Amino acid sequence: MALSAETVAFVPVRYGTQVVGGAETLTRLLVEELDGRGWPVEVLTTCALDPYSWTNHFPAGEETVHGITVRRFPTESRKYTRKVFKTETRILAGEQVSRRRQEFWIRNVVTSDALRRYLGEKREDYRAFVFAPYLFGTTYQGVLEVPEKSFIIPCLHDEPYAYYEIYKKLMRTARGLMFNSVPEMELARRICGEDLPGRVVGMGFAPYAANGERFRFKYAIEGDFVLYTGRREIAKNTPLLLRYFCNFLENTGREVSLVLTGAGQVEIPFSFRNRVIDVGFVDERDLRDAYAAATLICHPSTKESFSIMILEAWLAELPCLIHGDCAVTRHHVEKSGGGLWFTDYPGFHEALSFILDNPAVRERMGERGRDYVLANYSWDEVVRNFAAVLEEGEGGGK
Amino acid sequence: MSKNKKTAASETASEGTSSGNLALEVEGLDVDAIMERIKARVEERRAEGVYRDLPLLELEEERTGGGEAEVSLDPLHELIFLIQLARQYAEVTSHYPIGARRSLLGPFILVSKKAIRRFMTPYMDALFAKQREFNAQCLRSMETFLEMIKRERERSYHGGLDRYAAWVELGFAADETEQLQEAARRFPEGRPIVQLYSGTGDFLAAAAGEGRPAVGVEEDPRLVKMGQDRDLKVVQARPLDYLESQPLESLQAVFVQDLGERGDSRELLWMVTALADRLEKGGMVVALNHHPRSVLGVEEAFGDPTLLRLVHPETMRGLFERAGFREVEMSVTGEFAQAEKKGWKKKLGGVAIESGDLAELLFAPRRYLLKARR
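So the sequence lines, in the order shown, correspond to chains A and B. Numbering that gives the first Met the number 0 numbers the first residue of the first sequence as 0 and each following residue consecutively. Numbering that gives the first Met the number 0 numbers the first residue of the second sequence as 0 and each following residue consecutively.
Keep in mind that the hints were calculated from the coordinates and are not lab data. All of these numbers come straight from a predicted model, not from anything done at the bench. Glycine residues also receive a C-beta, built at the ideal position from the N, C-alpha and C atoms. Any given hint could be a false lead.
Claimed, not checked - Listed next, with one range per pair, are the computed distances between beta-carbon atoms: (1) B/Y88 / A/P238: 15 to 21 Å; (2) A/E283 / B/K280: 54 to 60 Å; (3) A/A59 / B/E243: 50 to 56 Å; (4) B/L109 / A/R126: 55 to 61 Å; (5) B/R131 / A/I190: 39 to 45 Å; (6) B/C137 / A/L143: 44 to 50 Å; (7) B/F118 / A/F103: 30 to 36 Å; (8) A/E102 / B/R139: 36 to 42 Å.
In isolation and in its complexed conformation, chain B is listed as follows (with noise of 0.2 Å):
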């Protein structure tokens, strides 16, 4: 053992954590000393019966009962065990062992059994052949796609820049509890709002707040814990996917933060004429998204890296009167308080920007609200 390791181990008060593991010191971490404490361990656990080890085939029938084990996987997964299996089977050939019982007739049984296959595999190679370049084309056909899939998965990766990491690594997102209550009171009372993107909660807990209880749906794990943590009903779905999943005009009311300015610009045309499919006759989607007009609010809203665009209310609303809404209503909301003005009058080097045009196209409202009707 070299000479540079601390100090022996050390260890903790307990003689195991609560998954009744080893603990150790770190400080003190001497490998050699818990090589020591795992050989002492296994010598007292050993008869408890706690180290099974059967062979592969045996366990997997154990597991099983000789049928097939149900195992929820993540589809990419899927395929690439798809793929994996299928090149051990893509292999035909004729030259399969050949056996026979001891018995008295046994070598007569194997030499008759070589003789038949000699004589077949002329004729079984050339179907074989046939067989094996079928396989081999399904499989180079399979292992493209799965080129493809990781190939596309690789480019839309976020490069560590999303929401989560921005929002609560990064500490980018805005207190904008008014803004979500006001948007929350555009919805009546009693009926079941559904949000897309549901983040941190902040809007759940917010139409809580305003007697309007929410379900969300977010498709970041953490972000669903972070949810789940303050007593938020979250589902974890690819919103998209959750709509498509959910029967024509079956919702009631729907609600979206940042609508098309995160993600590919095509998820907007898609969603809205999702929600136009899914939406009861009657029911409402509202739209909270940053106004392009506010010079300053879009400034602040660029700060989030994981906001790619913004979208002109008129835009919006284009979009979604084609889609088939009956009724497009907009409106501002997100004033800035004058502690904020002043805070920007200082940062720009005290230029006199508390009234007058450019006052107000500097402090424009900072977000629009769209409130669309089926």
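In isolation and in its complexed conformation, chain A is listed as follows (with noise of 0.2 Å):
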């Protein structure tokens, strides 16, 4: 596709219909919509597929997915040293850690140096770079290459990172920020001052057809289960969901299983393996799938910005049970009666066997969210809040 002044370029840190991540799949859907809608959009990215070694996957160059312009560049090999680790563990623990070890660490976080160059040479030929999410390498290098144009959508959880000064920095760098939920936008100025340019974005959800008989079938599946899906590992909290789930079973002794869908090691017991079935990536037909197959669906991050399957399983009249401890989800749940939440075990225990001895109420939870979901995630607003933060960003004379 030839580049015009006009083109708006998609700068997420990994892209492709197989990747999973919020963030990822948000700036592809994202963009998907806007080409639908005429707007000349571009992507470019990463060769990177795996989030945890960010070795390069896709060939460097030029693709199309669905129709748009992808743009790949190489990531740059960094060794996970000592230093790095050690630096990691300061920031995940809390520590204050000075600025010059911030900007050694981030350098360190997935970087394309052929990315940045190509910003740096471009910058003329696009009207807008939307970066995507805050906390890698890739965005950091790219705001500060190219600030007067730049966008982020943050991705922005309440975690060590958010609050270090590099992203702060960052933040106030960009020229908008576009968010996914009220909750994040707030936790951003609460972190970054309240004149940090930007509002809500999110994405649209259209309602589509599924058919949970098929995915039962495909997969072997019979009676109840708990969906989870999304990325398996700690800062998820799929742990504390094996854990949970599997005291769950041995306490009350119910014929209950835990579906899992998605990217990620996860270590199920020898004598659960009967009903903690790992399913792995499954397509976007699948996934709708077990949406519509499932009884309900947990989600125990208390990491979120937005939580794109809660407000899908919703379409589906999926009920679901979240953390308690997690703002967003806990602030869609509230708003639609959608679900419930927990914050321990036992809360847990007791808000799980309720959904699963109540069919009616689960039922009613589920329409609920669907309303919700319909009434407040649209295409048509999104393309519109869009559209204004990229028209206040650049009349800012920032």
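Put the two chains together into one complex; each comes in its own frame, and the hints tell you how they fit.
Written out as structure tokens, the structure reads:
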């Protein structure tokens, strides 16, 4: 596709239909929606697929994904040295880390010099660069390279990184921020200042057709099951869900399964392997079928900026069980009435029992969730807000 | 909390359901109120020790006593689990953690261990590289195999129109009690009959009524339950697997309805051969199938969306004879009643079709019965 100065370039750290991750999925769907509405859009990203090793998986160069031009640039091969590890450990422990050490750390969290050079050389060919998410070196490098045209979809969580000087500087350097939810915007303004530019953009949702029976047939799943979808890692609290669920089975003797989809390792105890089924990465159709087949969705993460899977699951009228310490998912659930929350094992035990025991309540919660999504997350509204952030940023004279 | 929530949750008359859990009215659903009730319940029950929350390793140890847990699970799930396990162990490296107990010699031992490892690493890495490559190939083979199975399962999905949906949910099950009774009477009394694909259990009930109790084999758990709810003997198994699991020449009498008319056409050939192998000498098979000669019978039959094809009686005879059955007899059943003929005449716009060649063709008996003996 020929470039024009009207082209909006999205710069996610990873991109592709097989990429698992909230920020990446949100970016892809937003890009596709804008493209469908006639906006000139392009994607500039890395060759990485695996969010742990960041090795180059896709070939560098230009390709087309769902009709959209995607330019891929190789990531730097950085060693996860003891110094990086120690710095990260200190950050996660909430310890003070010097600005210099922060700079050192961010340079070792997936960067691409080729991408940075491209941004610098081609800055005049694009209207704006929209980076996502805030955490990675590609965003940090990119925003500093083209500050006058940069916007960020931060996908900010309440985590130690968010409070670091380098990120505060990043947020304030960008022309505008595109938040996914009100609690995320409030968090960002609490950390970086109330005058932080931007507004809630998020992403839109539309009803979809799904066939739960097909999912059950394909994966040989019978009876009630709790669904978890997304990356399986400590940051998403997947080990906590696994522990709570196995204890729940042991304490109650109930015949209910936990079905996990998504990427990342998960260590299922041997004696629970008939009740915890990890079907791994599934395509979009299977995922929607899984929503239609499940009894409820559980999302135990406390660090979310939007939680696409909860909103998608609600479209299939699936009630949810979330962690009460996550401001964003709690906000969704309290506003909609589409589920329950827990903050410890007893709460999980009782809430899960309640949802399993009350099919009529389950149904009602699912309906409420669906109504909430359709009323609050339409693509028209999202695109309107997206355009508004761009216009505000461009006219800001920063 | 949002303002659009309805009134506060009101409890039902009892504090809990039979399972001892909370029960609330749906109309007054208020999530905040439910959460309050859950909190109160947790406080009430905490002292009872019902909320044991053990670390997974400890829980596993407690359940298995350190041994291996016997768990029955679907072969597909077993494969998925094994692949996941293999992924964890596929990557072998010489960089395992090294430690030493705290003692005066501890630091010295640690340094020595590290030195030994450094010295050995080039040799170990050469070996591990081959092992890693081998593991990766094995893993890839398993993953390919899993993908093939998933694809096959996806392709064989019935699209929601299985026999249960067609017969129970959509009401396509025809009342064929008379034909089933007639089929049952073909078996001598006292012989144990097995019905493959027993469905809703109509034949089992008809056979019991004729003094010929039978056991059904059915793969759909919902149909199995329907049969069992009618106090009929039904085993849940894929009929082909069931046949294969029986010793050679061990069955005395088998009944199959709509043989070869549903599912994969190759199944018919396999089924007839398997029947020939599993029936004892003198054992018999009775099959009740749709007769292609009956024009209106065929029209009715294909109303059932799970019926895919008809098998001509002469084709069926040939298949049984080739499989080694000695006596193969054919007869027809399922004649149209006068009332049914009148109904059809009205439906067809009052055409005079009570008698003559056309009537014979249109109202030919709907079913044929095959009786074959080993």
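Evaluated hints:
1. In this structure the hint that B/Y88 and A/P238 lie 15 to 21 Å apart at CB holds, the actual value being about 19 Å.
2. Taken as a hint, the range 54 to 60 Å holds for the pair A/E283 and B/K280, whose Cβ atoms sit roughly 57 Å apart.
3. Take A/A59 and B/E243: their Cβ atoms lie about 53 Å apart, and the range 50 to 56 Å holds.
4. Taken as a hint, the range 55 to 61 Å holds for the pair B/L109 and A/R126, whose Cβ atoms sit roughly 59 Å apart.
5. Between B/R131 and A/I190 the beta carbon distance is about 44 Å. The supplied range of 39 to 45 Å therefore holds.
6. B/C137 and A/L143 have their C-beta atoms about 46 Å apart, which keeps the hinted 44 to 50 Å range intact.
7. Distance hint for B/F118 and A/F103: a CB-CB separation of about 33 Å, consistent with the stated range 30 to 36 Å.
8. About 40 Å separates the C-beta atoms of A/E102 and B/R139, a value consistent with the hinted range of 36 to 42 Å.
Consistency with the previously given hints is maintained throughout, with no hint failing.
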